[in-house]
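Given next are the chains, with one letter for each unit.
Protein chains: 2
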Amino acid sequence: MKELEILFNRIVQRVNINLRELAFDVNPFAVELIPPDQMSKFYAFYGITPDHPLDLSFHNSALAGSYFLGKCRVQNSLLYKSDIRGDELKRKGNKVTFQNFSITLRDDEVIDIRDSALVKTLVHNYSHDPETPEHFFISDTLAMDYANIHGAPIDGAFLGPFATVDLTTVRDCVIGAYSYIQAGEISHQLIEPGTIWVNSPGNFNFFYRHPADQLEQYISLSPDKVPWGKLIDFIEERKNEFQRVFDVVNLKVIASVPESAKMDRYAVVLPNTRIGENVLISQRAYLENSTLGKGANAQENCFIINSTLEGYNVTAHGAKIIEARVGQNVFVGFNSFLNGKKGQKLTIGKGCVIMPHTIIDIEEPLEIPENHLVWGLIRDQNDLSNHMVSLESLSQVTTHHTIGRMHFEGNGAMLVKALKDRIHHILEVNGAFFANGENDGHAQRNQNLSLNTIQPFQFGPKQGMYPTITILP
Amino acid sequence: MKELEILFNRIVQRVNINLRELAFDVNPFAVELIPPDQMSKFYAFYGITPDHPLDLSFHNSALAGSYFLGKCRVQNSLLYKSDIRGDELKRKGNKVTFQNFSITLRDDEVIDIRDSALVKTLVHNYSHDPETPEHFFISDTLAMDYANIHGAPIDGAFLGPFATVDLTTVRDCVIGAYSYIQAGEISHQLIEPGTIWVNSPGNFNFFYRHPADQLEQYISLSPDKVPWGKLIDFIEERKNEFQRVFDVVNLKVIASVPESAKMDRYAVVLPNTRIGENVLISQRAYLENSTLGKGANAQENCFIINSTLEGYNVTAHGAKIIEARVGQNVFVGFNSFLNGKKGQKLTIGKGCVIMPHTIIDIEEPLEIPENHLVWGLIRDQNDLSNHMVSLESLSQVTTHHTIGRMHFEGNGAMLVKALKDRIHHILEVNGAFFANGENDGHAQRNQNLSLNTIQPFQFGPKQGMYPTITILP
Numbered sequence: 003m004k005e006l007e008i009l010f011n012r013i014v015q016r017v018n019i020n021l022r023e024l025a026f027d028v029n030p031f032a033v034e035l036i037p038p039d040q041m042s043k044f045y046a047f048y049g050i051t052p053d054h055p056l057d058l059s060f061h062n063s064a065l066a067g068s069y070f071l072g073k074c075r076v077q078n079s080l081l082y083k084s085d086i087r088g089d090e091l092k093r094k095g096n097k098v099t100f101q102n103f104s105i106t107l108r109d110d111e112v113i114d115i116r117d118s119a120l121v122k123t124l125v126h127n128y129s130h131d132p133e134t135p136e137h138f139f140i141s142d143t144l145a146m147d148y149a150n151i152h153g154a155p156i157d158g159a160f161l162g163p164f165a166t167v168d169l170t171t172v173r174d175c176v177i178g179a180y181s182y183i184q185a186g187e188i189s190h191q192l193i194e195p196g197t198i199w200v201n202s203p204g205n206f207n208f209f210y211r212h213p214a215d216q217l218e219q220y221i222s223l224s225p226d227k228v229p230w231g232k233l234i235d236f237i238e239e240r241k242n243e244f245q246r247v248f249d250v251v252n253l254k255v256i257a258s259v260p261e262s263a264k265m266d267r268y269a270v271v272l273p274n275t276r277i278g279e280n281v282l283i284s285q286r287a288y289l290e291n292s293t294l295g296k297g298a299n300a301q302e303n304c305f306i307i308n309s310t311l312e313g314y315n316v317t318a319h320g321a322k323i324i325e326a327r328v329g330q331n332v333f334v335g336f337n338s339f340l341n342g343k344k345g346q347k348l349t350i351g352k353g354c355v356i357m358p359h360t361i362i363d364i365e366e367p368l369e370i371p372e373n374h375l376v377w378g379l380i381r382d383q384n385d386l387s388n389h390m391v392s393l394e395s396l397s398q399v400t401t402h403h404t405i406g407r408m409h410f411e412g413n414g415a416m417l418v419k420a421l422k423d424r425i426h427h428i429l430e431v432n433g434a435f436f437a438n439g440e441n442d443g444h445a446q447r448n449q450n451l452s453l454n455t456i457q458p459f460q461f462g463p464k465q466g467m468y469p470t471i472t473i474l475p
Numbered sequence: 003m004k005e006l007e008i009l010f011n012r013i014v015q016r017v018n019i020n021l022r023e024l025a026f027d028v029n030p031f032a033v034e035l036i037p038p039d040q041m042s043k044f045y046a047f048y049g050i051t052p053d054h055p056l057d058l059s060f061h062n063s064a065l066a067g068s069y070f071l072g073k074c075r076v077q078n079s080l081l082y083k084s085d086i087r088g089d090e091l092k093r094k095g096n097k098v099t100f101q102n103f104s105i106t107l108r109d110d111e112v113i114d115i116r117d118s119a120l121v122k123t124l125v126h127n128y129s130h131d132p133e134t135p136e137h138f139f140i141s142d143t144l145a146m147d148y149a150n151i152h153g154a155p156i157d158g159a160f161l162g163p164f165a166t167v168d169l170t171t172v173r174d175c176v177i178g179a180y181s182y183i184q185a186g187e188i189s190h191q192l193i194e195p196g197t198i199w200v201n202s203p204g205n206f207n208f209f210y211r212h213p214a215d216q217l218e219q220y221i222s223l224s225p226d227k228v229p230w231g232k233l234i235d236f237i238e239e240r241k242n243e244f245q246r247v248f249d250v251v252n253l254k255v256i257a258s259v260p261e262s263a264k265m266d267r268y269a270v271v272l273p274n275t276r277i278g279e280n281v282l283i284s285q286r287a288y289l290e291n292s293t294l295g296k297g298a299n300a301q302e303n304c305f306i307i308n309s310t311l312e313g314y315n316v317t318a319h320g321a322k323i324i325e326a327r328v329g330q331n332v333f334v335g336f337n338s339f340l341n342g343k344k345g346q347k348l349t350i351g352k353g354c355v356i357m358p359h360t361i362i363d364i365e366e367p368l369e370i371p372e373n374h375l376v377w378g379l380i381r382d383q384n385d386l387s388n389h390m391v392s393l394e395s396l397s398q399v400t401t402h403h404t405i406g407r408m409h410f411e412g413n414g415a416m417l418v419k420a421l422k423d424r425i426h427h428i429l430e431v432n433g434a435f436f437a438n439g440e441n442d443g444h445a446q447r448n449q450n451l452s453l454n455t456i457q458p459f460q461f462g463p464k465q466g467m468y469p470t471i472t473i474l475p
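Chains A and B, in that order, give the protein sequences. Count along the first sequence from 1, then add 2; that gives the number in this note's numbering. Count along the second sequence from 1, then add 2; that gives the number in this note's numbering.
Where hints are given, some of them may not hold.
Treat identical chains as interchangeable: a pair holds within one or across any two.
[To be verified] Straight-line alpha carbon distances no greater than 35 Å define the calculated DSBU-like cross-link-like pairs of lysine-lysine that follow:
(1) Lys464 - Lys422
(2) Lys347 - Lys241
(3) Lys464 - Lys43
(4) Lys4 - Lys94
(5) Lys43 - Lys422
(6) Lys464 - Lys352
(7) Lys4 - Lys97
(8) Lys94 - Lys43
(9) Lys43 - Lys347
(10) Lys419 - Lys241
(11) Lys296 - Lys83
(12) Lys464 - Lys296
Honestly, the hints are just simulated from the structure, not real lab data.
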């Protein structure tokens, strides 16, 4: 048997032993996951810049199409078109504060991926687990297409397609397709597909679940099949545009990007897109015929098409905005699918927060008023009315509040503050507030990243596997 | 001071301390050698294939545009567009025989480059020093444009442009521009430019020196200047053609290459070139409007333009063949410049051996008869008559023989045999005799090399320096 097959089989076994209590078998989902011949077709690559401490090592792994930035170790793993963006990892000497604890880091934090298979998965940010501040572990885990592992150490888990674990330590869990979990720490849970759960124990708890019969047309997964549905189709239809940017070693920067803005050279930017000051466009973002106002940021795997974003907008990892007018300071959460139509625009008032994994798929114009929180699956004005609440009303809640399928418990003002603080933090680290040489962030740094490519063995027992490589400053 | 500058200054000091006895100062030659901004402009790269044991490490070095294949360590060195082709290194367990000695290798051989600057230099083959069979060292050495370090461990040396050291261990020597040395072991010598010296102590000794006043129009070097002359101009005029092949990550293979032949993806092949069976075209070879017959091999940095090679031809590293008809089994040595003209063809009869570093630059047609040895600087029929000898006549020589500026001592038959054996060996290892699945060589192997690119830091004190990288299987 070839080494690639041995490797993959071992990963499947290791994930299954972790999930035995949930009686979940990842095997049938793994069968179609990675066509072995694809593994020797793509190169992987990593970024080199003095802005980030360099410490990469790859051992007995397959890395096709994947990208690495910052400190990362990969052992006995299979990464396929996954982005490991460790550019916000904590540094030696940083202080981690949690409740009344304060811990100083003994070493730089490292992303440590072992015995895992991550397919088209984004790993980003830093470990939010105060118990392992230097060690962002991802082990014995199988994560599927467009899953996000975001500041979330994870051990022994299965993540369905478009699942997101955010600032949450996960042990021995199954996270269903299109579920979003931000819950501090979870273990031995099976999360149904389409669950949106934001829990800050003792403070607040937000819970919503997409109706299964409606979600399935957007994203479906069943044994022995690759994931399918509108979300997959949407991405597949645009994948050829990415081919061009991966075919050449160094791509010329588009002239019309302001000096204070940053467009990643692995982003797709089609006519007629306008990019304002302090804008950050991340790798594998896709922009077409859209305007991004000052300080807007377009994160990895997001799509912005035929839309205008007025400024200071966060379009989070994997979010899709089509045919929309988006006011200032609007946040669109992970993997949201905001699907306006030509002539049937979606308008989002300033200051709105679109919860992660929200689907708005309209056939008539729809307008969301300013400063509202929006969630769920919305097809028209009627749906909107029971999938939103004004941030002001939410701030009044002190016990619990139910709207449609959404249940909220706890202190509404604390949730609103947590959301606002996070949005401000994201804009800040990305350089949205850069002025007069101060408040610089990712948009102004990383300007001169160099990218090194690595390729697998092309034949023999190691075909599709990558050599052992270590990279230090 | 930037690290790149510190590094380069240290190399210059180290070379100079080695050359103190010869009172040779490399400093003025080093000044213009490497424009620091070029060092961050080009990527370096290395080949990955199961055919060669992988063991590469780069530490505190600048590697712009350089290529690595096989085992190689680079420390505190500056390589600029140099090819390190360690694909013929000896392996653990191989036997090295020399006179009546036989030594079994304890480890795989490694090319070990320390404290050296190699500019557009080719390093190839394996150490021919029986004293260090596992260790192909290159240390405290400055080698300039289109120098060849070929099976020649070297310590404390300066190699001028187009200088070749071949199967020779060199210590504390200055090798002048366009000199070719194959002499087993030399130390503390200053070799004047244009010296062609092939010495097998006790067997034979071939010596020729190009007339300085005629050589200087082809290649000149003086302090504080970059090298100039017709040879440099010739290469510069064609360098844009190479840009194209280095700009893309994976280049499609040209369809018309026979399955038994190999065209390196970093070679330039322009219309209308025809490639026969078992042909090997190496990296950075340049072919234009030429025909390469069965089993021909075009080595690194060679140029073949408007010419026909009938088969089993060796065009050695850096050799240039323009407007020529070349018979079967002709060997054209390192860095030779065979410059026929349109309508004034150069014809070389079958079985001829053109000595390394030969210049034939004609304005009228010239025909070299079959089975002759040719050397020196030839402009017309008259020059030819005292720069050639038939291999048959040479085989008769038992004491000494002088023709024009060429002096030969020793056993002519042994020189002829050594040349013929070497040509046969080169054809054999390159796969020229491949048939029915047997006798495969480089042309049939390396077919699926993958190439990984590495880039330097783009700014900061390490600008132009490369990260520390180690690569193992």
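The hints, checked one at a time:
no.: 1; hint: Lys464 - Lys422; in the structure: neither (49 Å within a copy, 39 Å between copies)
no.: 2; hint: Lys347 - Lys241; in the structure: within (25 Å within a copy, 53 Å between copies)
no.: 3; hint: Lys464 - Lys43; in the structure: both (14 Å within a copy, 33 Å between copies)
no.: 4; hint: Lys4 - Lys94; in the structure: between (40 Å within a copy, 26 Å between copies)
no.: 5; hint: Lys43 - Lys422; in the structure: neither (43 Å within a copy, 43 Å between copies)
no.: 6; hint: Lys464 - Lys352; in the structure: neither (53 Å within a copy, 44 Å between copies)
no.: 7; hint: Lys4 - Lys97; in the structure: between (45 Å within a copy, 32 Å between copies)
no.: 8; hint: Lys94 - Lys43; in the structure: between (38 Å within a copy, 32 Å between copies)
no.: 9; hint: Lys43 - Lys347; in the structure: neither (40 Å within a copy, 46 Å between copies)
no.: 10; hint: Lys419 - Lys241; in the structure: neither (38 Å within a copy, 61 Å between copies)
no.: 11; hint: Lys296 - Lys83; in the structure: within (30 Å within a copy, 42 Å between copies)
no.: 12; hint: Lys464 - Lys296; in the structure: between (48 Å within a copy, 33 Å between copies)
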